[in-house]
Amino acid sequence: MYMQKILILVKKELKDSFLSPLIYILTGLFCFMMGWLFFNYLLQAKNLTSATMTQAVITPIFGNINFIFVFLCPLITMRSFAEERKQATLDLLLRSELSEMQIIIGKFISNMVLVFFMLSFTFVFPLILAFSGYSDWGVVGSSYLGIILSVMAYLSVGLFCSSLTDNQIVASLLTFCILLGSMLMVISANATDNYLLALIIQYMTIPFHYEGFVKGVLRSYSLVYFSSYLCFFFLLTLKSLQARKW
Amino acid sequence: MELRTDIAPIAIDIKNLSKTYPGRVALSDISFSVKKGSVHGFLGPNGAGKSTTMKILSGLIRESSGEFKISGKIGFLPEHPPVYPNMTVADYLEFVFAIYAPASQNKRAAVKDVMEKTGLSNVSDRLIGNLSKGYQQRVGIAQALVHSPEIIILDEPTVGLDPVAIADIRSLITKLKKDHTIIFSTHQLHDVELLCSDITLINHGKIVVSGPLEQILENLKTRMTIQARVVNFTPDDKAAMMKRFQLESLQFKFDEEKKNFLLEIIAAAPESLKKDLSHFLAADSIGLLEFSEVRLDLEELFKQMVH
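Heads up: the sequence lines are chains A and B, in that order.
Residue 48 in the numbering used here sits at position 48 of the first sequence, with consecutive numbering throughout.
In short: position in the second sequence from 1, add 246, done, that's the numbering used here.
Honestly, the hints are just simulated from the structure, not real lab data.
Glycine residues also receive a C-beta, built at the ideal position from the N, C-alpha and C atoms.
Errors might be hidden in some of the hints.
Covered stretches of chain B (chain A as the covering partner; in silico rule of three or more C-beta atoms under 8 angstroms from a C-beta of chain A) [to be verified]: (1) 299-312; (2) 472-483.
With a cut-off of at most 27 angstroms between alpha-carbon atoms, the simulated BS3-like pairs for lysine-lysine come out as follows [stated by the list, open to error]: (3) A/Lys11 with B/Lys319; (4) B/Lys281 with B/Lys315; (5) A/Lys245 with B/Lys505; (6) B/Lys521 with B/Lys315; (7) A/Lys15 with B/Lys505; (8) A/Lys15 with B/Lys452; (9) B/Lys315 with A/Lys15; (10) B/Lys353 with A/Lys15; (11) A/Lys86 with B/Lys484; (12) B/Lys281 with A/Lys11; (13) B/Lys521 with B/Lys505; (14) A/Lys245 with B/Lys358; (15) B/Lys353 with A/Lys11; (16) A/Lys245 with B/Lys521.
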């Protein structure tokens, strides 16, 4: 019953999203950029060995996918709550049998489905590599896992920022600032002389944890990091929605 | 002012409800009740606390103190209908039904029934964003009804509508009152007189009067409102009149155009007071020019009580 209520919202959100041109514009842009990058990386790869392919194509292309989603996720999540607030429908959801957390999870799942939709077009890349004998599927699998976990983190930030305002532009800019700030923390980690401080700062950044996945290394503490990140921003979003009643 | 309410089952019972925001008191210790099966008008000027009260009753905001009891499910139409412009009417109502009554299996039947009640059957496949304001308001009322609530709360259901649409909403409320308890806020006092059995008047977050409409209007007849024009009037004259005639209130202002003073006198007193007042105002020092009693209807009550 708990999930059934969430799925009602997911279904409505997906119908709304796929009837809007935004998702198709973003997907088109994403496919164009990734396709162009993949093509160039492929051309640059000299010897067609698995190691060369992983270093020359897989690692950089997934690095770029992750980076592009830093820009795309704010655009995907900006209308999640902001538009509901603007058209006075957020109160309709909050008065219903759905709890605040069910609403958050429902919106999150629908945004993840949109991301999967966009990401599904990249499955052609490893397929193309397979034709040339590429077989390092562990790296491909862990890279996709890393992308999914990173995007989940980005979407959770986007949902929180969307819940703070009724202006979609403000929501997307706020999300982008937080995500970019998180990325730029790596520079602070490199700049400090204090080794322990550098480690702590590094641990708090998404790229540090994502790096391992792209190399085919699954670290348990990275899974803990992404889970914690998600829970933290879900909690902030929950408090943001509950604050409307104060 | 508190009036005896009939002994009937109570749908909503509010006791000592308050709501404060930093630096502002939105509701101050309000108490009133809504009888089951009644149409209850909730009146007050802008910023009086009507929407705040309705949002507390529907669970959108929390009260600062006090309590309220509601016997039954609530359907709420806020001031701006909560509609999705990109959904069709039927899809929207099915969605609202699904999130408000997820355990129920009668979705299609309930939606069809509510569309017939609200006159939306012929626009069921149209996008809500493409409908006129009047029809969007009907969709808003339909979403409040679709999950079969016992109590319907409507926050200014006729605001921004043309006279034809207002008449449609009025006849819809008349239809609905047979099966539901309705509480609605409005500035259309004519609608209140036509539709409501009980009213509550609120101003500055406090209840001014609450009870059966007939009883309130009956009580008003024991009060007089007199308008008079005089040549001269001073604060000393006001003080003398207040003391001598035990008036409830006396307001006066200088009319720049006519170069005389306009007085408005409110008194709870017998008919003979009119004669005494007119004699007093006819004195040479004051100079009575006009003297008339204002008919006390709901509009006058509204103007007086929120002055």
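Now the hints, each set against the structure:
Coverage of the stretch 299-312 of chain B by chain A holds. Counting CB-CB distances below 8 angstroms, 5 residues qualify, and the rule asks for three or more. Requiring three or more residues with a Cβ within less than 8 angstroms of a Cβ of chain A, the coverage given for the stretch 472-483 of chain B is violated, as only 0 such residues are present. A C-alpha spacing of about 26 angstroms is found between A/Lys11 and B/Lys319, which places the hinted pair at or below 27 angstroms, so the restraint holds. For the hint pairing B/Lys281 with B/Lys315, the CA-to-CA distance comes to about 12 angstroms; that is within 27 angstroms, so the pair holds.
With a C-alpha separation of about 53 angstroms, the suggested pairing of A/Lys245 with B/Lys505 is violated against the 27 angstroms cut-off. The suggested pairing of B/Lys521 with B/Lys315 is violated, with an alpha-carbon distance near 49 angstroms, which exceeds 27 angstroms. Between the alpha carbons of A/Lys15 and B/Lys505 the distance comes to roughly 68 angstroms, so the proposed pair goes past 27 angstroms and is violated. The hinted pair formed by A/Lys15 and B/Lys452 fails the criterion: a straight-line CA distance of about 45 angstroms is larger than 27 angstroms.
At most 27 angstroms may separate the alpha-carbon atoms for a hinted pair to count; B/Lys315 and A/Lys15 exceed this at roughly 38 angstroms. With a C-alpha separation of about 19 angstroms, the suggested pair B/Lys353 and A/Lys15 falls inside the 27 angstroms cut-off, and the hint holds. Of the pairs offered as hints, the one joining A/Lys86 and B/Lys484 is violated, with about 52 angstroms between alpha carbons and a cut-off of 27 angstroms exceeded. At roughly 40 angstroms between alpha-carbon atoms, B/Lys281 and A/Lys11 are farther apart than 27 angstroms, so this suggested pair is violated.
Distance hint between B/Lys521 and B/Lys505 is fulfilled; the C-alpha atoms sit about 25 angstroms from each other, no more than 27 angstroms. Pair hint A/Lys245 plus B/Lys358 does not hold up; C-alpha atoms about 33 angstroms apart against a cutoff of 27 angstroms. A distance of roughly 16 angstroms separates the Cα atoms of B/Lys353 and A/Lys11; the hinted pair therefore holds under the 27 angstroms criterion. The suggested pairing of A/Lys245 with B/Lys521 is violated, with an alpha-carbon distance near 56 angstroms, which exceeds 27 angstroms.
Violation of the numbered hints given earlier is confined to hints 2, 5, 6, 7, 8, 9, 11, 12, 14 and 16; the remaining hints are satisfied by the structure.
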